[in-house]
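Chemist: The primary structure of each chain is shown beneath.
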Amino acid sequence: MKLLNYTSSIFSGILFLLLSIWAILFYFEMLDEIYDSLDDGLENHKLLVIQRAHEDPSFLNRPEFEDGFTIQEIKQNNILAFTDSYRDTLMYMQNEKDYEPVRLLESVFEQDGKYYLVKIVTSMVEEDDLVKELFFGLLWLYFGLILSVILLNNLLHRRIWKPFYKLLSRLDSFRIDKDTEIETEPTNIDEFKLLNTQVKILLRKSVDRYHVQKEFIENASHELQTPLAISINKLELLVEKDQLTEDQTEKVAEVIENLERLTRFNRSLLLLSKIENRQFPEMEMVNFNDLVKEVVADFEDLASYRSLRIEVKGKYILQHQMNKDLARILVTNLIKNALIHGKEGGIVMLEFFQNSLEISNEGVNLALDSENLMSRFQNSSAGKSSTGLGLAISKVIVERFGLKLSYNFSGRHTFRLDF
Amino acid sequence: MKILIIEDEKEMLQNMRQTLEMENFLVETAGTFKQAVEKLGVYRYDCILLDIGLPDGNGLELLAEIKRSKNNDGVIIVSAKDSLDDKIKGLDLGADDYLPKPFHMAELNARVKAVLRRKKFEGAQTLDIGNLKIDIDKHTVQVDGEELDLNRKEFDVLLYLGTNENRLVSKSALAEHVWGDHIDQADSFEFIYSQIKNLRKKLTSGGASLEIKAVYGMGYKLYRL
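For the protein sequence lines, the chains are Y and B, in the order given.
Read in our numbering, the first sequence has 983 at position 140, and its numbers run on one by one without any break.
Read in our numbering, the second sequence has 787 at position 24, and its numbers run on one by one without any break.
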């Protein structure tokens, strides 16, 4: 969830709660005030009526409501425990042609030795109308507030968090092999200042480490390969002098073969280090169908030499965003493995499924040890010249770009590449 | 043809000198940046083999200097670092080729000859061996005027062996050159044998005056009959 939406929704929630509580309290306060006011009015009216009754005794006999009051004579013994009472009741209103709520005051007074019950009414605000008005008022208030909050949040949010988002986008486009420093926006906010500084420090360390490692790999390459190259070349020149017997030539050939094996191993190890040091930053959308076609064509001769047929099946197109050279190495490794370990005369199958590519071959009629299969140096029966690093390299490539490589055996040795 | 080898590893320098002298090239050497600068200041060369990993200076600077003097000397960068950055930089600066170490002698030979061909013989790009005329651009081979029908791989093998005429070309050198680097982890290089077999058959039936001899365990050698 975006920060903006998160804060907005929290505000909305809190506001809703607060406003609801406030609404309830306000309502009862309001009602209280209204009743107080009405009751004061009734009290005042009662005093006025009593005063008028003193002046005009015709008032004393009014059994029906007229001008909002009635007066009736009552017996003395009914008044002893009497107190003024206010209550809500209904009364028929001419104009509304319906019963409407009114507030009634019942009281007693004495005049000339006689006792009278006086009832005063005043029309009352209808409770449900009040509630309805309050409710809608509150709703508008609520939405108004929410709108303002969201608007303000949006306006301010962008400005407040600008340094943060700028940093995020610069981090996104930072290239460890090309860039050395990251530019940060000047800011007054302490937290962002701190963030910028820390990120700069961290990046500098990463860049340094990257370059140190890269240099190490390049120097190691030089130191390892040079003596090997020299040795191989010297032996080649030795044989060329043509002064050796056939047996001796054979021996020299074997030495060269082993040196070449060491050379290949070193090259694989260096490749592995480079991949792990993230030295292949270029990415593109690699079409694996095309790639497989190219690689299969390259391996035509090896396949026919081993009497293996390569079949490519499946109509799904598989693509992935990754480094093209590493994709090629991955595909090459898998196909080469299948060709080298495949049983002569058999078929190497490449099948494109909706989300995966399967490469399978017949071979040793026993499942390989899948746990150790992709760790370095694991070798199988197929001959000492395979370095065993091929699958380890494949695994590292696969992990780097979010693919998955798995193995299973069901008559055929199958490697599945999940996209 | 005069070749300058700029290389600080003495033994490597010796190997390279030896193999190129076997091709009857005139070979001069420089073991340091300083020596290279001196030599380049005075002489012109047909091809320069430049190791950019020189201890006392940056080989790429040397390359820039060579190109600045507009000598049109061919330059092949030799590098042990297997660095893509160096390769791109070098080729951008105008190097004719980039050869990573370790390399086979046959490969060195082929690259030098390719650069020389491009620089010196801007017109004719053919290789004549005995009664064979190999047209490098058109990828055709003629024996006594009659065209020989070779597939792409057979042509590449013939050209490579022919460029290294009378030289021993190791199996792995041939495989790497014709089939590509990725092939180098194959079980063995025996699969190239069938191509050699087919090539031999076609050469014989075409009446070519050369032979491809197998040196047991090592590789092949092409020579005129």
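Derived by calculation from the structure, the hints in this document are not laboratory data.
Each residue gets a CB set at the ideal place from its N, CA and C atoms; glycine is no exception.
There may be inaccurate statements among the hints.
Dumping the calculated PhoX-like pairs for lysine-lysine here, alpha-carbon to alpha-carbon at most 20 Å [said to hold, decoys possible]:
id	chain 1	residue 1	chain 2	residue 2
1	B	K965	Y	K1021
2	B	K852	B	K883
3	Y	K1009	Y	K889
4	Y	K1136	B	K916
Which bits of chain Y does chain B cover? Going by a derived footprint, with three or more residues having C-beta under 8 Å, they are [claimed, not checked]:
id	stretch
5	957 to 965
6	1085 to 1095
7	1127 to 1136
8	1144 to 1151
Chemist: If a hint holds in the structure, say so; if it doesn't, say that too.
Modeler: These are the hints, each one checked on the structure:
1. B:K965 <-> Y:K1021: Violated. K965 (chain B) to K1021 (chain Y) sits at ~53 Å, over the 20 Å cutoff.
2. B:K852 <-> B:K883: Violated: K852 (chain B) and K883 (chain B) sit about 25 Å apart, past 20 Å.
3. Y:K1009 <-> Y:K889: Violated, at about 75 Å.
4. Y:K1136 <-> B:K916: Since the Cα atoms of K1136 (chain Y) and K916 (chain B) sit roughly 18 Å apart, the hinted pair holds (cutoff 20 Å).
5. 957 to 965: Not satisfied, violated; 0 residues make the cut.
6. 1085 to 1095: holds (count 4)
7. 1127 to 1136: With 0 residues in contact (Cβ-Cβ under 8 Å with chain B), the coverage given for the stretch 1127 to 1136 of chain Y is violated.
8. 1144 to 1151: holds (count 5)
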